[in-house]
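Protein sequence lines correspond, in order, to chains W and E. Residues are numbered in the numbering used here as their position in the first sequence, beginning at 1, plus a constant of 6. Residues are numbered in the numbering used here as their position in the second sequence, beginning at 1, plus a constant of 3.
Be a bit skeptical, because a hint or two may be false.
What the hints assert, rightly or not - Here are the simulated DMTMM-like cross-link-like pairs (lysine to aspartate or glutamate), alpha carbons at most 25 Å apart as the crow flies:
no., chain 1, residue 1, chain 2, residue 2
1, W, Lys133, W, Glu150
2, W, Lys133, W, Asp187
3, W, Lys151, E, Glu32
4, W, Lys90, W, Glu267
5, W, Lys209, W, Glu137
6, W, Lys263, W, Glu216
7, W, Lys123, W, Glu176
8, W, Lys151, W, Asp171
9, W, Lys212, W, Glu125
10, E, Lys66, W, Glu267
11, W, Lys151, E, Glu35
12, W, Lys123, E, Glu35
13, E, Lys64, W, Glu267
14, W, Lys90, W, Glu150
15, W, Lys132, W, Glu176
Stated by the list, open to error - Covered stretches of chain W (chain E as the covering partner; in silico rule of three or more C-beta atoms under 8 Å from a C-beta of chain E):
no., stretch
16, 74-82
17, 85-99
18, 195-201
19, 209-219
20, 272-281
Derived by calculation from the structure, the hints in this document are not laboratory data. Just so you know, even glycine gets a beta-carbon here, dropped at the ideal spot from N, CA and C.
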Amino acid sequence: MEIPYTVTARPDTGLWNAKVGIWLFLASEVMLFGGLFSAYVFLRLDADPGAWPHGLLNVPVGTMNTAILIVSSVTVVMAWASLKMRRFRAYWWYMLVTILCGVIFLGVKLIYEWPQKFEHFGAFIKKDALEKYEPYLGNHHLAEKGLPPRTEISGHLHNHEALHDENVKEYEIALDPVNADPANPAMDRPHFLYIPPTEKVAKIEKADVEYANMFLPKHSAYFASYFTITGLHGLHVLAGVIVFTYLWLPVGTKLYKRNPEHLANRVEVAGLFWHFVDLIWIYVFALFYLL
Amino acid sequence: MSLKGFHILFISVSTLLALGVGVWCLWIERTESVPAFRIGAVCSFVAAVALITYGVWFFRKMKRLRIIT
Chain W
7 MEIPYTVTAR PDTGLWNAKV GIWLFLASEV MLFGGLFSAY VFLRLDADPG
57 AWPHGLLNVP VGTMNTAILI VSSVTVVMAW ASLKMRRFRA YWWYMLVTIL
107 CGVIFLGVKL IYEWPQKFEH FGAFIKKDAL EKYEPYLGNH HLAEKGLPPR
157 TEISGHLHNH EALHDENVKE YEIALDPVNA DPANPAMDRP HFLYIPPTEK
207 VAKIEKADVE YANMFLPKHS AYFASYFTIT GLHGLHVLAG VIVFTYLWLP
257 VGTKLYKRNP EHLANRVEVA GLFWHFVDLI WIYVFALFYL L
Chain E
4 MSLKGFHILF ISVSTLLALG VGVWCLWIER TESVPAFRIG AVCSFVAAVA
54 LITYGVWFFR KMKRLRIIT
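Throw the hints in and build the complete structure from the sequences for me.
See the structure below:
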């Protein structure tokens, strides 16, 4: 059975069916991501002063990923325009670049950015033990400057067994620069760059710790939001890459030979989805990396 | 909205982002004195100009080709 209105417009809507479908789908996506962004904003506004991580993400890497997605948006439009002009070879190459951009974006996320968080550890110190860890927190220095106090000591965990073994009484952490030299004025503000942990090791007694974990979603509301939103966005990028690959493979060639306008319409619908995904990333980048 | 229209919107938003990142880099550079951010600001402003140029080129090309969907 032939599916109607895949190429020509329906008389009542003035659009071919897939276009109506994709815009309805994107409307639901706006609600999904809108809800998540709202949750993030409200969680952040409700956080205690100084408690919400700021400048933790690597801005140069995030900027590079943003540029990759912008380039992919250009190439997907060029692929579509090539089909409209019946230049299949150009379409093939533009689509290949789009797929590669999507793969590189996911690669940077999954191989570089996320694992860097998974290897990191943070321990929130109990209020009554803050003074004991003053050499790592520098709260006297912060109070003098009228800045909110620090409660977390972070870095690379040396003894991972401490997370599960109750017999291990302390965490051994190779300190982040902010905890290794907390009174340094350069540490008062966020860095927005990745600075590896120092060689200075601190021993934090478990009894003094309110809560401790690796930088995973359960670490804090910040990381829960970060991994949920970037994870969901990453799944959308993966879905886009799969669809583009399908249209790029011989299936696309066959469809082009049978009805080039049909393939152009499919690429347009996939391109609309891709642009939406890229637009979401721009909000993610601004909210999580810059602000 | 067609892909053409959405693309022009996307390029406009990207241009605003590039300008925003440029201003943000200058602000960080001023408060943190990290020279790397000055380079970032220059790159962002160059990217903004490139995006505007591309946007105008794309709009004219689509008009010339009469790709209307």
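*Within 25 Å, alpha carbon to alpha carbon, are Lys123/W and Glu176/W?*
Holds. Lys123/W to Glu176/W sits at ~21 Å (cutoff 25 Å).
*Taking only the CA atoms, is the gap from Lys66/E to Glu267/W under or equal to 25 Å?*
holds, 19 Å
_Pairwise hint evaluation, Glu35/E against Lys123/W, where the allowed Cα distance is 25 Å at most_ = It holds: about 24 Å lies between the C-alpha atoms, which stays within 25 Å.
*Confirm or reject the coverage of the stretch 85-99 of chain W by chain E under the rule of 3 or more residues with a beta carbon closer than 8 Å to the chain's beta carbons.*
It holds: at least three residues are needed, and the stretch 85-99 of chain W offers 4 whose Cβ sits within less than 8 Å of chain E.
_Next pair to validate is Lys151/W with Glu35/E; report whether the Cα-Cα distance is within 25 Å._
Holds, at roughly 16 Å.
*Quick check: the stretch 272-281 of chain W, covered by chain E? Criterion 3+ residues, Cβ under 8 Å.*
Check passed, 4 qualifying residues.
_Lys133/W and Asp187/W were given as a pair; does the straight-line alpha-carbon distance stay at or below 25 Å?_
Holds - the C-alpha atoms of Asp187/W and Lys133/W are around 21 Å apart, at most 25 Å.
*With a cut-off of 25 Å on the C-alpha distance, tell me whether Lys133/W and Glu150/W pass.*
Roughly 19 Å separates the two Cα atoms, so the pair holds.
*Take the C-alpha atoms of Lys212/W and Glu125/W, compute the straight-line distance between them, and say whether it is at most 25 Å.*
holds, 19 Å
*Given the proposed pairing of Lys263/W with Glu216/W, does the C-alpha separation stay at or below 25 Å?*
violated, 65 Å
*asked:* Taking beta carbons only, do three or more residues of the stretch 195-201 of chain W come closer than 8 Å to chain E?
replied: holds (count 4)
*Straight-line Cα separation of Lys132/W and Glu176/W no greater than 25 Å?*
holds, 14 Å
Violated hints, listed in ascending order, are 6, 8, 14 and 19; each of the other numbered hints is respected by the structure.
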